[in-house]
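Student: Chain residues, written in single-letter form:
Protein chains: 2
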Amino acid sequence: MTAQELDGAGEAGSSRSVVDRALAILGTFQGGRVRQSLSELSRRSGIPVATAYRIVRRLSDWGALERDDDGRYRIGLRLWEVASLAPRSMGLQRVARPYMQDLYETTHCSVQLAIREGSELVSIERFQHPRQARHRPRVGGRYALHATAIGLVLLAHAPEDVRQEVLAGELRRYTRHTCVDPAELVRVLADVRQRGYALADRTVDLDYVSVAAPVVGPDGSVVAALSLVVKHAEGSAPLLVHPVRVTAMAIGRALRDPGLLTPDVWS
Amino acid sequence: MTAQELDGAGEAGSSRSVVDRALAILGTFQGGRVRQSLSELSRRSGIPVATAYRIVRRLSDWGALERDDDGRYRIGLRLWEVASLAPRSMGLQRVARPYMQDLYETTHCSVQLAIREGSELVSIERFQHPRQARHRPRVGGRYALHATAIGLVLLAHAPEDVRQEVLAGELRRYTRHTCVDPAELVRVLADVRQRGYALADRTVDLDYVSVAAPVVGPDGSVVAALSLVVKHAEGSAPLLVHPVRVTAMAIGRALRDPGLLTPDVWS
Chain A
1 MTAQELDGAG EAGSSRSVVD RALAILGTFQ GGRVRQSLSE LSRRSGIPVA
51 TAYRIVRRLS DWGALERDDD GRYRIGLRLW EVASLAPRSM GLQRVARPYM
101 QDLYETTHCS VQLAIREGSE LVSIERFQHP RQARHRPRVG GRYALHATAI
151 GLVLLAHAPE DVRQEVLAGE LRRYTRHTCV DPAELVRVLA DVRQRGYALA
201 DRTVDLDYVS VAAPVVGPDG SVVAALSLVV KHAEGSAPLL VHPVRVTAMA
251 IGRALRDPGL LTPDVWS
Chain B
1 MTAQELDGAG EAGSSRSVVD RALAILGTFQ GGRVRQSLSE LSRRSGIPVA
51 TAYRIVRRLS DWGALERDDD GRYRIGLRLW EVASLAPRSM GLQRVARPYM
101 QDLYETTHCS VQLAIREGSE LVSIERFQHP RQARHRPRVG GRYALHATAI
151 GLVLLAHAPE DVRQEVLAGE LRRYTRHTCV DPAELVRVLA DVRQRGYALA
201 DRTVDLDYVS VAAPVVGPDG SVVAALSLVV KHAEGSAPLL VHPVRVTAMA
251 IGRALRDPGL LTPDVWS
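Chains A and B, in that order, give the protein sequences. Numbering follows full-length UniProt numbering, in which position 145 of the first sequence is assigned residue number 145; successive positions increment by one, without gaps. Numbering follows full-length UniProt numbering, in which position 161 of the second sequence is assigned residue number 161; successive positions increment by one, without gaps.
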């Protein structure tokens, strides 16, 4: 090891918590928190204001944070640029987008793609009908697995320990149709695996029905789920099962066969 | 100042460079670099391997980086989730998407939204025709301002010092149609401002023509530009000027009048 490396290693060793603190500050941006004051950043990250200020200044100089006219901080464009290279979302997004677009144009229903992260789902991409815009998932947002068709598909194909964890945890009842009984959920999930799709009728609010199907990746595992959302009153959810399933299969096919993709998709 | 704050301030003071180094490591992810080995991260960030390894471990524990099966690192889903809250891209994206979707469905041409960042453009959102997918801008990617219609619109409305910097810098000639003469570019940009749109005929490759118009934000300044891309052979570019302009105006109108937006847009 050279002197420079020893020097570098020593510095990083003593400062382990500083990287953690910088990340803790970035991590306070979640849910609806898009702009935060220095004192909010300090309080929510548990870092004293003086320390937080120094770290925030470094983050701002680089462009990970930006300062609003009113002095509050927001996530910066440069961090967004770097993060747009995250392969788990980007790869799927780029492959799935044209298929999702075709499904949206054909049905004019909101189309969503999500992956499972731990015991929640993360919305990766969506095409949304302007009149269905309220209260729909935000790209990059996290949601419970047990209450929507897309979540049920991801939960049905999750490893056994994840399924146990979710079933043993708090199962929020969004409407009287939300299934919150663990034993019944076990049956629902077996059904989803057996049928190859999930249908959730007014389980998040009383207006909408969602239909979802699994996207199978190159290694044969379920890497994502695709859903359509329709008004309950239209009664068309059963008609959407086939379109969602074939589109999810087409996305899986494109993921498994890079020859189907345009060259830049995996660049 | 409490003892805890003094302690915190002291630590942050001595470790200024550690946050910078962590950011330098993240910053090596750009362009086509989606997966990098530890030694690549070290070399490209200029940080000794031993130090880089310790920082990378902190970043991985938090989820800013993820490790591939082959040992290479990629941007992690958690960083992507946090960064999806960047207001400059997110706000515009959410407002513009339904309008861009309508424009795509009406024309079936690739639709792109971009903002200016310094002397380059950053692609914020796009709807892309599957057959035009090759070599088209990547969302989150940076591109030169002088060579496309969308870049010319952003450059035409940039502050004078930015325009001077771009005109004095290297102007890459992509095709024989790319304008690389500073004096001629000055005239082109004046024309873009006066007409309210830009048309770039085969300036990036010999197959495509792009048409772009400015999006005016709440303070009356140009905050973004919108473009359509068509095959040169179709000869339909002039017919697309009106659709692009009215759509760019509609997006500006939505940005200026929050009453037109669904409630979650600015949340």
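Errors might be hidden in some of the hints.
[Said to hold, decoys possible] When the alpha-carbon atoms are kept at most 20 Å apart in a straight line, the in silico SDA-like pairs for lysine to any residue are as follows:
| hint | chain 1 | residue 1 | chain 2 | residue 2 |
| --- | --- | --- | --- | --- |
| 1 | A | K231 | A | D191 |
| 2 | B | K231 | A | E234 |
| 3 | A | K231 | B | L199 |
| 4 | B | K231 | B | L199 |
| 5 | B | K231 | B | P98 |
| 6 | A | K231 | A | A250 |
[What the hints assert, rightly or not] If the Cβ cut is set under 7 Å, some of the chain B residues that face chain A in the computed set are:
| hint | residue |
| --- | --- |
| 7 | D20 |
| 8 | V34 |
| 9 | A83 |
| 10 | L85 |
| 11 | A86 |
| 12 | R88 |
[To be verified] Computed footprint of chain A on chain B, listed as stretches where at least three residues anywhere in the stretch have a Cβ under 8 Å from a Cβ of chain A:
| hint | region |
| --- | --- |
| 13 | 90-100 |
| 14 | 156-163 |
| 15 | 192-202 |
Simulated from the structure, these hints should not be mistaken for lab results. Computed from a prediction, not measured in an experiment: that's the story for all the values here. A virtual CB, placed ideally from N, CA and C, is assigned to each residue, including glycine.
Student: For each hint, tell me whether it holds in the structure or not.
Tutor: Verification of the hints:
Between the alpha carbons of A/K231 and A/D191 the distance comes to roughly 23 Å, so the proposed pair goes past 20 Å and is violated. Distance hint between B/K231 and A/E234 is unfulfilled; the C-alpha atoms sit about 39 Å from each other, more than 20 Å. A threshold of 20 Å between alpha carbons decides the hint, and for A/K231 with B/L199 the separation of about 41 Å lies outside it, so the pair is violated. With a C-alpha separation of about 13 Å, the suggested pairing of B/K231 with B/L199 holds against the 20 Å cut-off.
Under the criterion of a C-alpha separation no larger than 20 Å, the hint pairing B/K231 with B/P98 is inconsistent with the structure, at around 24 Å. Under the criterion of a C-alpha separation no larger than 20 Å, the hint pairing A/K231 with A/A250 is inconsistent with the structure, at around 25 Å. Checking B/D20 against chain A by beta carbon gives a least distance of about 6 Å; that is within 7 Å, so the hint holds. Interface restraint check: B/V34 against chain A, minimum CB-CB distance 5 Å, threshold 7 Å, status holds.
Contact between B/A83 and chain A, as hinted, is supported at the beta carbon level, the nearest pair being about 3 Å apart and thus within 7 Å. The beta carbon of B/L85 comes within 5 Å of a beta carbon in chain A, closer than 7 Å, and the hint placing it at the interface holds. Because the closest C-beta pair between B/A86 and chain A is about 4 Å apart, less than 7 Å, the hint holds. At its closest, the beta carbon of B/R88 sits 5 Å from a beta carbon of chain A; the interface hint therefore holds under the 7 Å criterion.
Beta-carbon proximity to chain A at under 8 Å applies to 3 residues in the region 90-100 of chain B; the threshold of 3 is reached and the given coverage holds. Counting residues of the region 156-163 of chain B whose CB falls under 8 Å from any CB of chain A gives 0; the rule of at least 3 is not met. Given a C-beta distance limit of less than 8 Å, the hint that chain A covers the region 192-202 of chain B is violated, as 0 residues qualify and 3 are needed.
In the structure shown, a violation is registered for the earlier hints numbered 1, 2, 3, 5, 6, 14 and 15, in ascending order.
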